[in-house]
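Listed below are the residues making up each chain.
Number of protein chains: 4
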Amino acid sequence: MNITKYRIPYADTDNMGVVYHSNYLIYFEMGRTELMRELGYTYKKMEEDGMYFPVRNVTCNYHASAHYDDIITIETSVCELKNASVTFAYKIFCEDKLLTTGTTKHPLVNYAFKPTRIPQELKNLLQKYVKTEEK
Amino acid sequence: MNITKYRIPYADTDNMGVVYHSNYLIYFEMGRTELMRELGYTYKKMEEDGMYFPVRNVTCNYHASAHYDDIITIETSVCELKNASVTFAYKIFCEDKLLTTGTTKHPLVNYAFKPTRIPQELKNLLQKYVKTEEK
Amino acid sequence: MNITKYRIPYADTDNMGVVYHSNYLIYFEMGRTELMRELGYTYKKMEEDGMYFPVRNVTCNYHASAHYDDIITIETSVCELKNASVTFAYKIFCEDKLLTTGTTKHPLVNYAFKPTRIPQELKNLLQKYVKTEEK
Amino acid sequence: MNITKYRIPYADTDNMGVVYHSNYLIYFEMGRTELMRELGYTYKKMEEDGMYFPVRNVTCNYHASAHYDDIITIETSVCELKNASVTFAYKIFCEDKLLTTGTTKHPLVNYAFKPTRIPQELKNLLQKYVKTEEK
Numbered sequence: 001m002n003i004t005k006y007r008i009p010y011a012d013t014d015n016m017g018v019v020y021h022s023n024y025l026i027y028f029e030m031g032r033t034e035l036m037r038e039l040g041y042t043y044k045k046m047e048e049d050g051m052y053f054p055v056r057n058v059t060c061n062y063h064a065s066a067h068y069d070d071i072i073t074i075e076t077s078v079c080e081l082k083n084a085s086v087t088f089a090y091k092i093f094c095e096d097k098l099l100t101t102g103t104t105k106h107p108l109v110n111y112a113f114k115p116t117r118i119p120q121e122l123k124n125l126l127q128k129y130v131k132t133e134e135k
Numbered sequence: 001m002n003i004t005k006y007r008i009p010y011a012d013t014d015n016m017g018v019v020y021h022s023n024y025l026i027y028f029e030m031g032r033t034e035l036m037r038e039l040g041y042t043y044k045k046m047e048e049d050g051m052y053f054p055v056r057n058v059t060c061n062y063h064a065s066a067h068y069d070d071i072i073t074i075e076t077s078v079c080e081l082k083n084a085s086v087t088f089a090y091k092i093f094c095e096d097k098l099l100t101t102g103t104t105k106h107p108l109v110n111y112a113f114k115p116t117r118i119p120q121e122l123k124n125l126l127q128k129y130v131k132t133e134e135k
Numbered sequence: 001m002n003i004t005k006y007r008i009p010y011a012d013t014d015n016m017g018v019v020y021h022s023n024y025l026i027y028f029e030m031g032r033t034e035l036m037r038e039l040g041y042t043y044k045k046m047e048e049d050g051m052y053f054p055v056r057n058v059t060c061n062y063h064a065s066a067h068y069d070d071i072i073t074i075e076t077s078v079c080e081l082k083n084a085s086v087t088f089a090y091k092i093f094c095e096d097k098l099l100t101t102g103t104t105k106h107p108l109v110n111y112a113f114k115p116t117r118i119p120q121e122l123k124n125l126l127q128k129y130v131k132t133e134e135k
Numbered sequence: 001m002n003i004t005k006y007r008i009p010y011a012d013t014d015n016m017g018v019v020y021h022s023n024y025l026i027y028f029e030m031g032r033t034e035l036m037r038e039l040g041y042t043y044k045k046m047e048e049d050g051m052y053f054p055v056r057n058v059t060c061n062y063h064a065s066a067h068y069d070d071i072i073t074i075e076t077s078v079c080e081l082k083n084a085s086v087t088f089a090y091k092i093f094c095e096d097k098l099l100t101t102g103t104t105k106h107p108l109v110n111y112a113f114k115p116t117r118i119p120q121e122l123k124n125l126l127q128k129y130v131k132t133e134e135k
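Residue numbers (our numbering), protein chains in the order written: chain A, 1 to 135; chain B, 1 to 135; chain C, 1 to 135; chain D, 1 to 135.
If we strip away everything but chain A, and leave its shape as in the complex, we get:
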């Protein structure tokens, strides 16, 4: 599991005084980017190598709200690892309070956006982040 922190700017809030809901998808992105950096193969390098993880689907459940200037904690793990796709799972907290849970599924595609098998080396790296309860 990767743990990433982020301070909420004014820009992310809305008229209701809380973080606008679509921003949590950006926090998910921050989480999986840092998970990949931590496993030793950054998403930036992956793109330079001609491989992409576009988002195929998203689920997001909102339990409580983040507010301006809160520091949120994004916990990211891998909840499903297949031959040609990976699903990340996220939990976002503010201190001990659970704010949001969600998942994003990503097929691996090549330069021409064609689905591709995940190279064994990358699969091995991602395997380490599969949640224990899922193994």
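In short, the hints are calculated from the structure, not lab data.
Incorrect hints may have been included.
Identical copies carry no separate label here, and so any pair may be met within one copy or between two of them.
Claimed, not checked - In silico PhoX-like cross-links for lysine-lysine, where the CA-CA straight-line distance does not exceed 25 Å:
hint : residue 1 : residue 2
1    : K5        : K44
2    : K131      : K91
3    : K97       : K82
4    : K114      : K97
Following the hints, complete the assembly by docking chains B, C and D onto the known chain A.
What follows is chains B, C and D alone, placed relative to chain A:
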């Protein structure tokens, strides 16, 4: 069903040359805002009346990408209408191509963010937008 | 002068109950995109032809605030037209109230991001949008 | 001078492969928020005390582009301190390369959005961040 159109600005695109995925949640918001205007009770008026539809959960499936300057069509309907919550369903097209489908579920809450029964009058209005196949 | 309208979504608002200030730069983009469509040479086509108008500088003055669900009117004109750059001027209104004024300056660059002379044909088209008081 | 760092997410990039220009205004916000935290009076506390620094005007000059996954450095100082307004100045770098410079001017307003004198205590704190060359 409400039909709303939107022109993609440069701001919504990303490094991959397509619309960044979190923006579709904003297009969903545009769709349900226009559905409520069309049924005769705007979301703005609803807030002035002390009622809110915060987002409880989101699902979003990405089938194809929108690009800069595309005009997208957002089709919004009601797919579930309960005593204290409503779920909207969305289909986003570019010309005839289906780009995205999704749902957002919203409890009704009052000024103090306490769950509240949907007033019968509003329920009757929303009922008209329940998808035929769902009735 | 081009006139473009836009309805403010919840996503654009912030904790203060008004539109977050950086969004006006996106409204400026919407204005100049529509000005170029109106003059008959879309920015999308321009990019396909290997020419870009990156933003070199921005000024923006905030006089009053836009709110959720307001329809704003973006008035865009050309305030300076040189051999290798153009400056657009913007006025944003909500009904009769002036909200924002601003400018964006754009050098013309080619595929390799090298500064380039504006083709005479494009210059002639832009010339028509130079504000009368500036001619 | 306050120094704040930020990692560019995919969400901030655009079709041109660089950070979309309006996002720099958000980075400016991050910079002045951290400057105020550093001087010992957070902007969040200031709002709780019924004082606001809305943005009156912005200037921004773009010298070079930030890209996905870059770490940018935001240098924030005070460049003008008056009885009822403050102007912050920003320089954004990626490693040693200067990307962006800019300013934002903020009147102090009270709960009713009426212009107000900056309390002497806050003024003294801000005074410490006035750029040396400006004193």
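**Report entry** In rising order, the numbers of the hints this structure does not comply with
**Finding:** 3
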